[in-house]
Amino acid sequence: MSETSSQLLDVLLLQSGYNTTVVMLGAAALGIAAGAAGVFAMLRRRALVADALAHATLPGVAIGFIVAVLLGLPGRTLGFLLAGAAIAALLAALSIQAIRNHTRLPEDTAIASVLATFFALGIVLLSVIQTLRTGGQAGLDVYLLGATAGMLRHEAITLAILSIVIAAIISLLFKQLVLVAFDIEFAQTQGFPVRALDLAVIALVLAVVVIGLRIVGLVLIVALIVIPPAAARFWSNHAGPMTVISAAIGAVSAYVGAAISAVYPDVPTGAVIVLVAFAIFAVSVALGTARGLLPRYAGRHAWRERRP
Amino acid sequence: MAADGVLAPSRSDVQSADAMRSPPVAVHNLSVAYGGVPALIDVTWTSPPSGLVAIVGPNGAGKSTLLKAMLGLVPAASGEALIHGEKIERQYGRVAYVPQRSSVDWDFPATALDVVAMGLYRRIGWLRPVRRADRERARGYLETVGLSDLADRQIGALSGGQQQRVFIARALAQESSLYLLDEPFAGVDATTERIMTNVFRKLRADGALVICVHHDLGSVPEIFDHVLLLNRHVIAAGPVVTDFTPALIAKTYGVPLEPLGQAKAAPDDV
Numbered sequence: 000m001s002e003t004s005s006q007l008l009d010v011l012l013l014q015s016g017y018n019t020t021v022v023m024l025g026a027a028a029l030g031i032a033a034g035a036a037g038v039f040a041m042l043r044r045r046a047l048v049a050d051a052l053a054h055a056t057l058p059g060v061a062i063g064f065i066v067a068v069l070l071g072l073p074g075r076t077l078g079f080l081l082a083g084a085a086i087a088a089l090l091a092a093l094s095i096q097a098i099r100n101h102t103r104l105p106e107d108t109a110i111a112s113v114l115a116t117f118f119a120l121g122i123v124l125l126s127v128i129q130t131l132r133t134g135g136q137a138g139l140d141v142y143l144l145g146a147t148a149g150m151l152r153h154e155a156i157t158l159a160i161l162s163i164v165i166a167a168i169i170s171l172l173f174k175q176l177v178l179v180a181f182d183i184e185f186a187q188t189q190g191f192p193v194r195a196l197d198l199a200v201i202a203l204v205l206a207v208v209v210i211g212l213r214i215v216g217l218v219l220i221v222a223l224i225v226i227p228p229a230a231a232r233f234w235s236n237h238a239g240p241m242t243v244i245s246a247a248i249g250a251v252s253a254y255v256g257a258a259i260s261a262v263y264p265d266v267p268t269g270a271v272i273v274l275v276a277f278a279i280f281a282v283s284v285a286l287g288t289a290r291g292l293l294p295r296y297a298g299r300h301a302w303r304e305r306r307p
Numbered sequence: 000m001a002a003d004g005v006l007a008p009s010r011s012d013v014q015s016a017d018a019m020r021s022p023p024v025a026v027h028n029l030s031v032a033y034g035g036v037p038a039l040i041d042v043t044w045t046s047p048p049s050g051l052v053a054i055v056g057p058n059g060a061g062k063s064t065l066l067k068a069m070l071g072l073v074p075a076a077s078g079e080a081l082i083h084g085e086k087i088e089r090q091y092g093r094v095a096y097v098p099q100r101s102s103v104d105w106d107f108p109a110t111a112l113d114v115v116a117m118g119l120y121r122r123i124g125w126l127r128p129v130r131r132a133d134r135e136r137a138r139g140y141l142e143t144v145g146l147s148d149l150a151d152r153q154i155g156a157l158s159g160g161q162q163q164r165v166f167i168a169r170a171l172a173q174e175s176s177l178y179l180l181d182e183p184f185a186g187v188d189a190t191t192e193r194i195m196t197n198v199f200r201k202l203r204a205d206g207a208l209v210i211c212v213h214h215d216l217g218s219v220p221e222i223f224d225h226v227l228l229l230n231r232h233v234i235a236a237g238p239v240v241t242d243f244t245p246a247l248i249a250k251t252y253g254v255p256l257e258p259l260g261q262a263k264a265a266p267d268d269v
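From first to last, the protein sequence lines are chains D and F.
The C-terminal position of the first sequence is numbered 307 in numbering that gives the first Met the number 0, with every residue numbered one higher than the one before it.
The C-terminal position of the second sequence is numbered 269 in numbering that gives the first Met the number 0, with every residue numbered one higher than the one before it.
Pair by pair, the computed Cβ-Cβ distance ranges are:
id	chain 1	residue 1	chain 2	residue 2	range
1	D	103	F	28	24 to 34 Å
2	D	198	F	200	34 to 44 Å
3	F	155	D	106	20 to 30 Å
I should point out that these hints are in silico values taken from the structure, not numbers from a laboratory.
Heads up, the beta-carbon is just placed ideally off N, CA and C, and yes, glycines get one too.
Kindly produce the complete structure, drawing on both the sequences and the hints.
Pasting the structure below:
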């Protein structure tokens, strides 16, 4: 026990080899992007859309694999898998919008239907791939629940760079994204391109989903988008600090989760990251200075004491 | 506070002489429909150059729709609404809009000061963050509506009247000469009503035009000087003294002229 805990400490302190270090820093960068983009997914009430996009990437991953194999490349070429994932998620987003605009079905019905249908198609394609006479199929399930084991250094660096680009875009557009999230009609009368900004939120979420597939997996990536901002809300009543806190929570969750999974390689990384994020969420609900339960209770108590 | 913005347009986007001569709002044969159901039919109206205008009519009369059509927030089925003689797209940022209080999420992570600062975003520009000087400016508008003490309070922890005043302060921050407000007096306390009325009078004195969708017929004469009686069609429009008559009100609400007392009291809760 103490042996594994000292091993975990080594990993957390980046003392366990260059490759592990790169992967963990890549995970932290992903956490920053997910936490920051997640704030706007939450404020625009797009959490379910994010989940649908994530599940919808599965057929894209499978088709990316098949296309790579047909071109004589290794099936698990990251670029093909992520491009397939992005295209599939985009198609899912358009499907949700089409159902919403052309039928009178409620939006959550559209989202649930699209999520399940795309995921089902992905499962079927995965079983087709199992019958192919090529190597590497086994590695495809890491895209379901995520894994850091076996991740290549340049893959981790690519994901980290993409994450930082997402975070940079959010900080540049920050004011406008907040305005659209709070009061879209007012934003429009101010002359801001609200449709483009609204699409930007979806695009940023989609990008986080695709980048997060490898480490967190498509089943659980929504949690890294939703839980950090939900936790951050308990610490601040301002959108700016809330976004910074959310990004920090995302980074810590992904970093610690990746470290734990480096020590226990059999446990899916995504699951560990989500459990770490939830632990931070639980602490935030209890202690958060802006609207945590304990400070609120203490505040009420103090108010009672002050009364004559 | 509004005076410098209204009388001396210090902004870089100075309006053309043409736009200045045109009425602030001109609506020509405007029709709007929601899913095939007409909400406004052939509305034609020219606003006075300045003053306080109440848009009055029963529920479903298209009052909010007219306001939103002026702002380009709902598409016109036919006809058009012009702001200073131009399409709204060319006047965005020069019109201060106050939506209905119920249209936003008051649990949003924002304080009163944060929301007022939103009225400055256009002037701050795309990539510049909100700085200390901007926040000080915003604080000034909060003071105008009597809320400087509550600047740092989360907006959900404000009363309904205080929330409405935050919206008014955000509109004032735009330093506009044209204000469009959707039911600003709905469900507010007496203090808020008095403060808003004073703010509107000050704006009028500075030459601004303030248009409110308004529910309470009883307070029209004391607050407003012009009225637009609307029930999908324009029933009447003009100065309160000539056009806010019992006969025209009864026609607007589609109720019989007698008994007048009830007709005046009823529309609020239709």
